[in-house]
Amino acid sequence: MSHHLVLRVIAKLLIPFIMLFALYVQFHGDYGPGGGFQAGVIFGSAFILYALVFGVEVACRVAPAWAVRSGIAFGALLYGVTGLVAMQKGGNYLDYSALSADPVAGQHLGILVIELGVGITVASVMIAIFFGFAGRGR
Amino acid sequence: MALTVFMVVRLRNLFAVVMLGGIYSLLAASLLVVLDAVDVAFTEAAVGAGISTVLALGALSLTTSQENETRRNPLYTAMIGFVVLVTGAALVFGSLDMPHYGDPEAPVHRHVADRYIADGQRETGVPNIVTAVLASYRGFDTLGEVMVIFTAGIGVLLAFSAAKPSRGKMPDDGEEGGKP
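Top to bottom, those sequences are chains A and B. The letter at position 15 of the first sequence is residue 15 when you use the numbering used here, and the numbering goes up by one with no holes. The letter at position 45 of the second sequence is residue 45 when you use the numbering used here, and the numbering goes up by one with no holes.
One should not assume that every hint holds.
Stated by the list, open to error - 25 Å max Cα-Cα, derived SDA-like pairs, lysine to any residue:
id: 1; chain 1: A; residue 1: Lys12; chain 2: A; residue 2: Leu49
id: 2; chain 1: A; residue 1: Lys12; chain 2: B; residue 2: Gly155
id: 3; chain 1: A; residue 1: Lys12; chain 2: B; residue 2: Gly50
id: 4; chain 1: A; residue 1: Lys12; chain 2: A; residue 2: Val58
id: 5; chain 1: A; residue 1: Lys12; chain 2: B; residue 2: Arg138
id: 6; chain 1: A; residue 1: Lys12; chain 2: A; residue 2: Phe27
As the list claims (entries may be wrong) - Here are the simulated distance ranges between beta carbons:
id: 7; chain 1: A; residue 1: Val58; chain 2: B; residue 2: Leu11; range: 26 to 36 Å
id: 8; chain 1: B; residue 1: Leu27; chain 2: A; residue 2: Met87; range: 23 to 33 Å
id: 9; chain 1: B; residue 1: Val38; chain 2: A; residue 2: Val58; range: 31 to 41 Å
id: 10; chain 1: B; residue 1: Val83; chain 2: A; residue 2: Ile10; range: 42 to 52 Å
id: 11; chain 1: A; residue 1: Arg61; chain 2: B; residue 2: Ala106; range: 34 to 44 Å
id: 12; chain 1: B; residue 1: Thr63; chain 2: A; residue 2: Leu7; range: 45 to 55 Å
Calculated directly from the structure, the hints in this document are not laboratory data. Note that beta-carbon positions come from the ideal geometry of N, C-alpha and C, so glycine has one too.
Could you put together the complete structure from these sequences and hints?
This is the structure:
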């Protein structure tokens, strides 16, 4: 699809905004609708749009397979380790109140971090599945 | 929505079926917005209408976009119909016991929901109760969900890399596995 000039230009214009929107959904999930799952899907769809318009090979150079694979594991690890850190600081597993001196600030921090972990895993899995599908066709 | 499902069942063109699936998800998302569940609607619109449609199209590009006509034994069809009808009737029968929509006496509203609504913001400092419940009060559940997604991703990666031609001779299905 690389010869479609309009598609290429529009995709190039849209992709930064899609990513920005994903980050907004990610970090604004505390205040409005959204969170890690939705943000991850939106962030992944930015890569999928890029791969659709510019080809899978080009997209694989932007998001190499090893980076996507480690992203899958890193997000899940980030979530689990947050729970362990809370334990290490004297709380229960995943009890974010122990993360900071102020329980409310600790909760806020914990929620932000685990949502980030969720987002990274979801985005990486979406990209990996799409590349898996698209890579088989050629 | 019922019309969309009917069309999905009847149509033979799989491309149209995939598109109708996306439309169905979008309708479901609108329904969830009407029910004031914006977080779920958001997910449904992004995953159901967006990513699933793209992935289904990707799968279609590996196969054909026309469903094969199959002739089934009428007795077999009747049996399927019977099972579907009985299961549907059982589900409808089960739903008769459920509390009405918005009933304040429903068990789900009398258990811990009150506490979340009353203390959630004070305890977590997060105005969006859905996020507070999902990430903090139900942190274990969400960890499990992330693990499900993690496992699914690993499984898909394994399934695709297992079909690589580098691992000996493939049965001649004319397909060449690429690097995921």
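Status of the hints after comparison with the structure:
1. A:Lys12 / A:Leu49: holds (10 Å)
2. A:Lys12 / B:Gly155: violated (32 Å)
3. A:Lys12 / B:Gly50: holds (19 Å)
4. A:Lys12 / A:Val58: holds (14 Å)
5. A:Lys12 / B:Arg138: violated (39 Å)
6. A:Lys12 / A:Phe27: Status holds; Cα separation ~24 Å.
7. A:Val58 / B:Leu11: 26 to 36 Å: About 34 Å separates the Cβ atoms of valine 58 of chain A and leucine 11 of chain B, which means 26 to 36 Å holds.
8. B:Leu27 / A:Met87: 23 to 33 Å: violated (44 Å)
9. B:Val38 / A:Val58: 31 to 41 Å: Hint holds: Cβ distance 35 Å, inside 31 to 41 Å.
10. B:Val83 / A:Ile10: 42 to 52 Å: Given range 42 to 52 Å: holds, Cβ gap about 48 Å.
11. A:Arg61 / B:Ala106: 34 to 44 Å: Cβ of arginine 61 of chain A to Cβ of alanine 106 of chain B: about 53 Å, so the range 34 to 44 Å is violated.
12. B:Thr63 / A:Leu7: 45 to 55 Å: violated (25 Å)
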